[in-house]
Amino acid sequence: AQRVTQPEKLLSVFKGAPVELKCNYSYSGSPELFWYVQYSRQRLQLLLRHISRESIKGFTADLNKGETSFHLKKPFAQEEDSAMYYCALRGLDDYKLSFGAGTTVTVRA
Amino acid sequence: SAVISQKPSRDICQRGTSLTIQCQVDSQVTMMFWYRQQPGQSLTLIATANQGSEATYESGFVIDKFPISRPNLTFSTLTVSNMSPEDSSIYLCSVGVGGGSPLHFGNGTRLTVT
Chain A
1 AQRVTQPEKL
11 LSVFKGAPVE
21 LKCNYSYSGS
31 PELFWYVQYS
41 RQRLQLLLRH
51 ISRESIKGFT
61 ADLNKGETSF
71 HLKKPFAQEE
81 DSAMYYCALR
91 GLDDYKLSFG
101 AGTTVTVRA
Chain B
1 SAVISQKPSR
11 DICQRGTSLT
21 IQCQVDSQVT
31 MMFWYRQQPG
41 QSLTLIATAN
51 QGSEATYESG
61 FVIDKFPISR
71 PNLTFSTLTV
81 SNMSPEDSSI
91 YLCSVGVGGG
101 SPLHFGNGTR
111 LTVT
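From first to last, the protein sequence lines are chains A and B. Just so we're aligned: 26 in the numbering used here is position 26 of the first sequence, and the numbers increase by one with no gaps anywhere. Just so we're aligned: 18 in the numbering used here is position 18 of the second sequence, and the numbers increase by one with no gaps anywhere.
Be aware that one or more of the hints could be misleading.
[Unchecked claim] Here are the simulated DSSO-like pairs of lysine-lysine, each with C-alpha atoms no more than 30 Å apart in a straight line:
hint, chain 1, residue 1, chain 2, residue 2
1, A, K96, A, K22
2, A, K96, B, K7
3, A, K65, A, K22
4, A, K96, B, K65
5, A, K65, A, K96
6, A, K57, A, K9
[As the list claims (entries may be wrong)] Facing chain A, from chain B, some residues (calculated, C-beta under 10 Å):
hint, residue
7, I4
8, T20
9, S42
10, L43
11, T48
12, Q51
13, I63
14, F66
15, P71
16, L92
17, S101
18, L103
19, F105
Simulated from the structure, these hints should not be mistaken for lab results. Where a beta carbon is used, it is the ideal one built from N, C-alpha and C, also for glycine.
Could you build all of it, start to finish, from the sequences and the hints given here?
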């Protein structure tokens, strides 16, 4: 069985402060991990995926297989980062995504 | 990435009735899925819409309650049958274009059952 855990339901930070969203997973095979973001009144959209190893909008996430984690980080949060963030997992030979509960991020001026 | 049009965007329905949600993609896609997001909860996969054959349902979801059609590679429908207030949710269409690509989502249908 696959499971994604996002322990923080709400996260509030000040503009310019670092932000880290935690994601832990359990999966018996080789997983592929994603972060999706949903801004107010917009559709759910892909933010980044671990195999791309790229930074999007200043966000990075590293897959740590030892700790089974895929935490999302940004060194300097901006007000436009306020959104709902979902961590998601699928097997490398599968298309079905399993989502975490989501973390609502509020960046205060 | 694929452009996904989902309609209706929202609806208010009476209990006991049914609603059909449409998902149209601007290009052929390999995979189409239907998700549900209940109030305050995460996304849960309902089923995989298979082109030309019966959908594959996840545990807890059945065809009689959520019949799905996928007549071609660009279109699918999800029907929520015999609705009750517990069916009030956001229903999302999701597509994958193949080759290990990530999934993309429609805007969702916000359903309220009174």
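Do the hints match the structure? See the list:
With a C-alpha separation of about 22 Å, the suggested pair K96(A) and K22(A) falls inside the 30 Å cut-off, and the hint holds. Only pairs whose Cα atoms come within 30 Å are accepted, and K96(A) paired with K7(B) is accepted, the gap being roughly 23 Å. Taking the CA atoms of K65(A) and K22(A), the gap is about 14 Å. The hint holds against a cut of 30 Å. Of the pairs offered as hints, the one joining K96(A) and K65(B) holds, with about 21 Å between alpha carbons and a cut-off of 30 Å not exceeded.
This hinted pair checks out: K65(A) and K96(A) have alpha carbons roughly 20 Å apart, not beyond 30 Å. For the hint linking K57(A) to K9(A), the alpha-carbon distance of about 22 Å falls within 30 Å, and the restraint holds. Interface hint status for I4(B): upheld, as the beta-carbon distance to the closest one in chain A is roughly 8 Å, under 10 Å. This hint is violated: T20(B) has a C-beta 20 Å from the nearest C-beta of chain A, more than the 10 Å allowed.
Using the Cβ-Cβ criterion of 10 Å, the hint placing S42(B) at the interface with chain A is satisfied: the shortest such distance is roughly 5 Å. Interface hint at L43(B): satisfied, since its Cβ lies 4 Å from the closest Cβ of chain A, which is below the 10 Å cut-off. Hint status for T48(B) relative to chain A: holds, with the closest Cβ pair at about 7 Å, below 10 Å. Interface hint at Q51(B): violated, since its Cβ lies 14 Å from the closest Cβ of chain A, which is beyond the 10 Å cut-off.
For the restraint placing I63(B) at the interface with chain A, the shortest Cβ-Cβ distance is roughly 18 Å, beyond the 10 Å limit, so the hint is violated. Evaluation of the F66(B) hint against chain A yields a violated restraint, the C-beta minimum of about 16 Å exceeding 10 Å. Checking P71(B) against chain A by beta carbon gives a least distance of about 20 Å; that is not within 10 Å, so the hint is violated. Hint status for L92(B): holds, given a least beta-carbon distance of 7 Å to chain A, under 10 Å.
Hint status for S101(B) relative to chain A: holds, with the closest Cβ pair at about 9 Å, below 10 Å. Given hint, L103(B) at the interface with chain A, holds; its Cβ is 6 Å from that chain's nearest Cβ, closer than 10 Å. Taking 10 Å as the C-beta cut-off, the interface hint given for F105(B) holds, the closest approach to chain A being about 4 Å.
Of the numbered hints listed earlier, those contradicted by the structure are 8, 12, 13, 14 and 15.
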